[in-house]
Amino acid sequence: MIRSMKKHLSLLALFVIAYANAQEKNATNKAKDTIIKTEVVNVVTSYVPKITDAFKIKQKPVIEHTKETQKKALEYQIFSVPVASTFIPKSGTMKKVDLGKREKLYDNYVSVGFGNVLSPFLEAYMRRSQSYNSELGAHVKFLLSSDPVADTELSSTFFNIDLNLNYTQQERYFQWSAGLDAEKDKYNWYGLPTNITFTEFALSTIEESQSYNHFKIFGQIKPDDSYLDEANGAISYFSDSFESSEFLIDGNAQFRFPLDNFHRQLNDLYVNTTASYLGGSYAYAYNAVTAIDYSFITLGVHPTYKFNLQDLAIKLGAKSYFSMDTENSESNFFIYPDVEISYPIVKDFANVFVGASGDLTTNMFQSYTDDNPYVSPTLDMRQTNKKFDAFGGIRGKLNHQFSYNTKVSYADIENNPFFALNQSKSDGDNIAGTNGFTFYGYEYGNSFKVVYDDIKLLSFFGEIAFDGIKNLTIGANAQFNKFTLTNETEAWNAPKIKGEIFGTYKTDKWYAGANLYFVGNRKGRVYDALPADTFTSTDLKSYFDVNFNGGYHFDDSFSVFLNLNNVLNNSYQRFNNFNVQGFQAMGGLTWKFDTLF
Numbered sequence: 000m001i002r003s004m005k006k007h008l009s010l011l012a013l014f015v016i017a018y019a020n021a022q023e024k025n026a027t028n029k030a031k032d033t034i035i036k037t038e039v040v041n042v043v044t045s046y047v048p049k050i051t052d053a054f055k056i057k058q059k060p061v062i063e064h065t066k067e068t069q070k071k072a073l074e075y076q077i078f079s080v081p082v083a084s085t086f087i088p089k090s091g092t093m094k095k096v097d098l099g100k101r102e103k104l105y106d107n108y109v110s111v112g113f114g115n116v117l118s119p120f121l122e123a124y125m126r127r128s129q130s131y132n133s134e135l136g137a138h139v140k141f142l143l144s145s146d147p148v149a150d151t152e153l154s155s156t157f158f159n160i161d162l163n164l165n166y167t168q169q170e171r172y173f174q175w176s177a178g179l180d181a182e183k184d185k186y187n188w189y190g191l192p193t194n195i196t197f198t199e200f201a202l203s204t205i206e207e208s209q210s211y212n213h214f215k216i217f218g219q220i221k222p223d224d225s226y227l228d229e230a231n232g233a234i235s236y237f238s239d240s241f242e243s244s245e246f247l248i249d250g251n252a253q254f255r256f257p258l259d260n261f262h263r264q265l266n267d268l269y270v271n272t273t274a275s276y277l278g279g280s281y282a283y284a285y286n287a288v289t290a291i292d293y294s295f296i297t298l299g300v301h302p303t304y305k306f307n308l309q310d311l312a313i314k315l316g317a318k319s320y321f322s323m324d325t326e327n328s329e330s331n332f333f334i335y336p337d338v339e340i341s342y343p344i345v346k347d348f349a350n351v352f353v354g355a356s357g358d359l360t361t362n363m364f365q366s367y368t369d370d371n372p373y374v375s376p377t378l379d380m381r382q383t384n385k386k387f388d389a390f391g392g393i394r395g396k397l398n399h400q401f402s403y404n405t406k407v408s409y410a411d412i413e414n415n416p417f418f419a420l421n422q423s424k425s426d427g428d429n430i431a432g433t434n435g436f437t438f439y440g441y442e443y444g445n446s447f448k449v450v451y452d453d454i455k456l457l458s459f460f461g462e463i464a465f466d467g468i469k470n471l472t473i474g475a476n477a478q479f480n481k482f483t484l485t486n487e488t489e490a491w492n493a494p495k496i497k498g499e500i501f502g503t504y505k506t507d508k509w510y511a512g513a514n515l516y517f518v519g520n521r522k523g524r525v526y527d528a529l530p531a532d533t534f535t536s537t538d539l540k541s542y543f544d545v546n547f548n549g550g551y552h553f554d555d556s557f558s559v560f561l562n563l564n565n566v567l568n569n570s571y572q573r574f575n576n577f578n579v580q581g582f583q584a585m586g587g588l589t590w591k592f593d594t595l596f
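FYI, in numbering that gives the first Met the number 0 the residues of the sequence shown are 0 to 596.
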């Protein structure tokens with residue numbers, strides 16, 4: 000029993016030892032199997048035969064011709080015969096282009112003249128370079144005409160004085176400029192109504208004189224390499240003889256953003272920004288002794304992008320404005336399209352274009368006096384809203400000598416201004432009202448007010464120019480307007496048709512020019528005699544105004560000039576009751592020079 004147990008234990012021990020040795024050997028073999036050995040791998044690919052591997056014949060084959068296939072020998076002779084030639088080669092020469100005599104340019108000039116109606120004239124420009132990168136300039140102009148309009152009971156004398164000073168400086172990374180404009184103008188309200196007979200006493204008490212004063216300080220900056228192309232700013236003050244005043248702060252900046260960083264075929268995007276403040280006042284209203292105040296704040300943004308799509312030239316843009324009428328506590332936001340597409344239906348000869356636009360205009364007392372100096376200092380001031388202006392036309396050139404442009408447009412305009420005559424407060428005898436105040440010089444029916452109306456304007460415009468003859472340029476343009484009014488009965492003092500023919504001719508010594516203006520019929524107001532407050536319309540006849548100018552150069556420095564205006568001596572009315580000057584002749588001398596110092 001005991002032996003049997005010992006025998007089994009011995010067998011169990013041997014089995015355990017043998018199993019342990021087997022596991023150790025397997026672990027050793029497994030470790031060996033994980034070792035990466037270096038082996039040579041032979042890659043066998045299919046053979047691709049090449050022409051160069053082909054067996055080449057080492058010797059040239061010999062072809063034996065039979066008697067029938069042998070070529071016959073060709074025998075020939077050459078007889079040389081000399082030939083006389085009349086060709087003589089000639090070297091080429093460059094054809095000269097006659098550019099004419101080069102005109103010498105001077106930094107300064109002075110012109111003086113005198114006219115037939117006691118009209119002295121003076122104009123001068125002075126320019127001086129302070130250094131290689133800066134310059135100072137000054138311009139002055141003076142014109143006086145002493146009572147030039149015939150058969151007027153009041154004086155028609157006027158004069159204009161303009162002065163401009165400017166300075167420009169080029170810095171390392173930008174250019175800047177600054178300047179001053181000063182202007183003084185004097186006019187007279189000489190256009191009395193013809194349906195009122197004024198007594199000698201009333202005429203002697205009328206003070207018809209009016210003077211305007213304008214001062215403006217301006218500046219500009221142009222960086223060399225910047226997103227800002229240029230920035231402009233100005234502060235101006237305008238006043239007259241009747242305590243009227245107007246103050247304007249205006250600025251704009253144009254930015255250019257390159258878009259080729261996003262895609263190499265994209266063009267630059269231009270964004271123009273504007274900001275302005277206009278404030279002014281009139282001492283009295285026309286029908287009351289109360290003052291008139293007005294002020295507007297306007298902010299604007301105008302992006303524009305231009306590109307070509309095959310033969311199409313496309314401009315995409317928009318104008319947006321935020322405007323505040325601070326006197327009436329009103330604010331508005333306006334947005335307008337600014338798009339145009341043109342296509343050459345015949346390249347270089349005919350380009351058709353279509354587009355749409357619009358704009359917001361802040362009307363100013365100064366701008367009204369530039370258009371009509373006979374307005375009264377009692378105007379109603381509003382902004383003009385051109386809601387849209389759709390247009391299209393054709394422009395191009397013919398034989399590189401004729402250039403032409405035709406355009407038709409249709410616009411919807413809110414608060415479009417017209418000049419209408421004021422009613423006279425005097426019946427011809429009295430010089431004061433019931434309140435005891437003496438009438439001002441503009442209250443005798445001899446001044447204009449501004450009336451506004453919402454209109455639809457259909458306009459046709461065409462122009463042509465010819466530049467095919469040396470030293471001669473001629474051209475013409477014409478415009479037709481059709482007004483559709485809302486409240487007013489007529490488009491006061493606005494012509495339906497107007498046109499111009501012009502030409503210039505210049506040689507080394509002589510020069511001459513001509514302008515022929517045509518203005519069609521217009522309508523004006525005529526008020527009934529007091530105490531009625533009614534008016535009727537009257538026809539303002541069409542007119543031609545023919546003007547010539549010319550001169551002769553003695554040398555590069557000295558020349559004489561002669562200007563002839565209203566050659567036909569027409570006594571037409573540009574505005575209601577205001578006849579213009581008759582024939583005018585003015586001659587003078589011009590001296591050009593570099594420096595006096």
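The hints are simulated quantities; they were obtained by calculation from the structure and are not laboratory data.
Possibly wrong hints are sitting among the right ones.
Stated by the list, open to error - Listed below are the simulated DSS-like cross-link pairs for lysine-lysine, each with C-alpha atoms no more than 27 Å apart in a straight line:
id, residue 1, residue 2
1, K455, K481
2, K406, K314
3, K448, K481
4, K406, K305
5, K469, K495
6, K215, K140
7, K469, K103
8, K469, K346
Quick rundown of the hints versus the structure:
Restraint check for K455 and K481: the C-alpha separation of about 8 Å stays at or below 27 Å, so the hint holds. As the CA atoms of K406 and K314 are separated by approximately 17 Å, the hinted pair is consistent with the 27 Å bound. Annotation: proposed proximity of K448 to K481 holds, straight-line Cα distance about 23 Å (limit 27 Å). Pair hint K406 plus K305 holds up; C-alpha atoms about 21 Å apart against a cutoff of 27 Å.
Between K469 and K495 the alpha-carbon distance is near 36 Å, which puts this suggested pair outside the 27 Å criterion. The hinted pair formed by K215 and K140 meets the criterion: a straight-line CA distance of about 16 Å does not exceed 27 Å. At roughly 20 Å between alpha-carbon atoms, K469 and K103 fall within 27 Å of each other, so this suggested pair holds. Between the alpha carbons of K469 and K346 the distance comes to roughly 26 Å, so the proposed pair stays at or under 27 Å and holds.
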